[in-house]
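Asks: As you go down the protein sequences, you meet chains A and B in turn.
Yeah, the first sequence ends on 257 if you go by the numbering used here, and it's all consecutive.
Yeah, the second sequence ends on 257 if you go by the numbering used here, and it's all consecutive.
Hints are not guaranteed to be accurate.
The list treats identical chains as one, so a pair stands whether inside a single copy or across any two.
[To be verified] Heads up, simulated SDA-like pairs for lysine to any residue below, C-alpha to C-alpha not over 20 Å straight-line:
1) Lys-66 <-> Lys-185
2) Lys-205 <-> Lys-218
3) Lys-110 <-> Val-198
4) Lys-2 <-> Ile-256
5) Lys-221 <-> Glu-184
6) Lys-2 <-> Gly-151
7) Lys-221 <-> Ile-257
8) Lys-205 <-> Ala-28
9) Lys-221 <-> Leu-210
10) Lys-2 <-> His-233
11) Lys-152 <-> Glu-19
Worth flagging that the hints you see were computed from the coordinates, not collected in a lab.
Protein chains: 2
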Amino acid sequence: MKSLTIVKIGGNIVDDVHETEHFLSLAAEYLQPCIIIHGGGKIATELSSKLGIATIMVEGRRITDKATLDIATMVYGGLVNKSLVAKLQALGINALGVTGADGNSILSEKRPVRDIDYGFVGDIIAVNAGFFLDCLDNALMPIVAPLTHDGKGTLLNTNADTIAAQLAIALAPHRDISLLYCFEKKGVLSDMNNEESVITELHEKYYRELVEQGHIHKGMKPKCDNAFMAKKHGVQSVAIVHARQAHRPQSGTTIII
Amino acid sequence: MKSLTIVKIGGNIVDDVHETEHFLSLAAEYLQPCIIIHGGGKIATELSSKLGIATIMVEGRRITDKATLDIATMVYGGLVNKSLVAKLQALGINALGVTGADGNSILSEKRPVRDIDYGFVGDIIAVNAGFFLDCLDNALMPIVAPLTHDGKGTLLNTNADTIAAQLAIALAPHRDISLLYCFEKKGVLSDMNNEESVITELHEKYYRELVEQGHIHKGMKPKCDNAFMAKKHGVQSVAIVHARQAHRPQSGTTIII
Numbered sequence: 001m002k003s004l005t006i007v008k009i010g011g012n013i014v015d016d017v018h019e020t021e022h023f024l025s026l027a028a029e030y031l032q033p034c035i036i037i038h039g040g041g042k043i044a045t046e047l048s049s050k051l052g053i054a055t056i057m058v059e060g061r062r063i064t065d066k067a068t069l070d071i072a073t074m075v076y077g078g079l080v081n082k083s084l085v086a087k088l089q090a091l092g093i094n095a096l097g098v099t100g101a102d103g104n105s106i107l108s109e110k111r112p113v114r115d116i117d118y119g120f121v122g123d124i125i126a127v128n129a130g131f132f133l134d135c136l137d138n139a140l141m142p143i144v145a146p147l148t149h150d151g152k153g154t155l156l157n158t159n160a161d162t163i164a165a166q167l168a169i170a171l172a173p174h175r176d177i178s179l180l181y182c183f184e185k186k187g188v189l190s191d192m193n194n195e196e197s198v199i200t201e202l203h204e205k206y207y208r209e210l211v212e213q214g215h216i217h218k219g220m221k222p223k224c225d226n227a228f229m230a231k232k233h234g235v236q237s238v239a240i241v242h243a244r245q246a247h248r249p250q251s252g253t254t255i256i257i
Numbered sequence: 001m002k003s004l005t006i007v008k009i010g011g012n013i014v015d016d017v018h019e020t021e022h023f024l025s026l027a028a029e030y031l032q033p034c035i036i037i038h039g040g041g042k043i044a045t046e047l048s049s050k051l052g053i054a055t056i057m058v059e060g061r062r063i064t065d066k067a068t069l070d071i072a073t074m075v076y077g078g079l080v081n082k083s084l085v086a087k088l089q090a091l092g093i094n095a096l097g098v099t100g101a102d103g104n105s106i107l108s109e110k111r112p113v114r115d116i117d118y119g120f121v122g123d124i125i126a127v128n129a130g131f132f133l134d135c136l137d138n139a140l141m142p143i144v145a146p147l148t149h150d151g152k153g154t155l156l157n158t159n160a161d162t163i164a165a166q167l168a169i170a171l172a173p174h175r176d177i178s179l180l181y182c183f184e185k186k187g188v189l190s191d192m193n194n195e196e197s198v199i200t201e202l203h204e205k206y207y208r209e210l211v212e213q214g215h216i217h218k219g220m221k222p223k224c225d226n227a228f229m230a231k232k233h234g235v236q237s238v239a240i241v242h243a244r245q246a247h248r249p250q251s252g253t254t255i256i257i
């Protein structure tokens, strides 16, 4: 089976032009063929603030009213996505920026209201594996913004970590996949206060213990949960690693089930 | 030769949700297969204004500094483009939103500074016909934002009328093309003050006379110049027509050389 790297790059990387360019040069040189999913970063929050639109976060998730959805569509689907595409083109990589609406690539449904109304937030229903495989067959590198659509004309804000996991799961029957969560730390840390305490192999049992003991940072938990979900659903290799080490995932945390 | 409709929809259509939806339903029902190029409309100007960024227009063209380019990327490449894509998906059309950077579809160069420095504005060098033909062969409908790239990592603001003409010219050897400029008037008017004075067939000689006599509205001239350029370069059929009559281009102005 052909290999494929699926990389999620975090908002803190996207926010930093030098980190972004360094990551993209690694992706261009070492990670082909590849699909990138990017987070949004602070730009959306800053733009909302300038426009007087309040940003509300609950459990690390942005509450998305219509104004905030429009900001996300502008910043994630427009500015961040197209800037990455243009930079990759300059590196000789034929990138294609998409949201889940483009090519009907990721269909979702508006998250049902239980305790919290997340607003225009989508839970993924279906990944169009054929679309991504066609892109790869045509030597196009998909760059995926954290937006999906409901098939009824509405875009929905969707967590980039979850998109990466679901994309990897959908493509695992077709490609030997290395799923990488790249961010600004060296991996999952056993001690939140020690940046060097990288857990090289994170077994699920140990992970559950760390969560129970409160040793997993609140932003890290959904990322790890997505990583374990991907691994359990047949994704061949899953790692959490510093963006500067994207070409050396063994330097970070490998997910083991 | 297979037929293909290439439609440019103006900013005044994009700004009006009802006109947009009406146009999209016509495109979905009558114009397939089709490529849509959209203008930007007032949203970019309004956003610039809210953010305190001055909009400078010279001869109907936006002067694009870096802040204005970012706004254009957000609004044209993000909000407008992805909203059109999501709405088309709801109509059962598998739309794919692109800028010229995506798939290296439209390469341009920063306009040389002569009398005016237009800033980050691109003049088209090459249209990647293969990319658009691959999309069409895969039953994808490209929705093109008025942004191109220089191949060196920079996006460039590019006139949507010109993109439509150049795209039609590049695809004319491969498809029997109907190029439509759709906007909020019924066609090219012989009397600017009479909305019913549509010129059914606009011959170039007559057009030059109208221009000399000052009868062509200043926003209409670049549109007509692009339309004549396309026709002269082998585009099979070129018309300027109301967006509500996109399925009946003979109701508007047909370009004759």
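Asks: Does each hint hold? Answer for all of them.
Replies: Now the hints, each set against the structure:
1. Taking the closest pair of Cα atoms, Lys-66 and Lys-185 never come within 20 Å of each other, the shortest separation being 33 Å inside a single copy and 31 Å across copies.
2. In this homomeric assembly, Lys-205 and Lys-218 come within 20 Å of each other (Cα to Cα) only inside a single copy, at 18 Å, whereas the closest approach across copies is 71 Å.
3. For a Cα distance limit of 20 Å, the shortest separation of Lys-110 from Val-198 qualifies neither inside one copy, at 36 Å, nor across copies, at 46 Å.
4. When the C-alpha separation of Lys-2 and Ile-256 is checked against a cutoff of 20 Å, the pair qualifies neither within a copy, at 22 Å, nor between copies, at 53 Å.
5. Proximity of Lys-221 and Glu-184 under a CA criterion of 20 Å is satisfied intra-copy only: 15 Å inside one chain copy versus 52 Å between copies.
6. Taking CA atoms no more than 20 Å apart as the test, Lys-2 paired with Gly-151 passes in neither setting, with 31 Å inside one copy and 29 Å between copies.
7. Taking the shortest alpha-carbon separations for Lys-221 and Ile-257, only the intra-copy value of 16 Å comes in at or below 20 Å, while the best inter-copy value is 66 Å.
8. Taking the shortest alpha-carbon separations for Lys-205 and Ala-28, neither the intra-copy value of 36 Å nor the inter-copy value of 52 Å comes in at or below 20 Å.
9. When the C-alpha separation of Lys-221 and Leu-210 is checked against a cutoff of 20 Å, the pair qualifies only within one copy, where the shortest distance is 10 Å, while the shortest distance between copies is 68 Å.
10. For the identical chains of this complex, Lys-2 and His-233 are intra-copy neighbours only, at 19 Å inside a copy versus 44 Å across copies, given an alpha-carbon limit of 20 Å.
11. When the C-alpha separation of Lys-152 and Glu-19 is checked against a cutoff of 20 Å, the pair qualifies only between copies, where the shortest distance is 18 Å, while the shortest distance within a copy is 37 Å.
Consistency note: the structure conflicts with the earlier hints numbered 1, 3, 4, 6 and 8.
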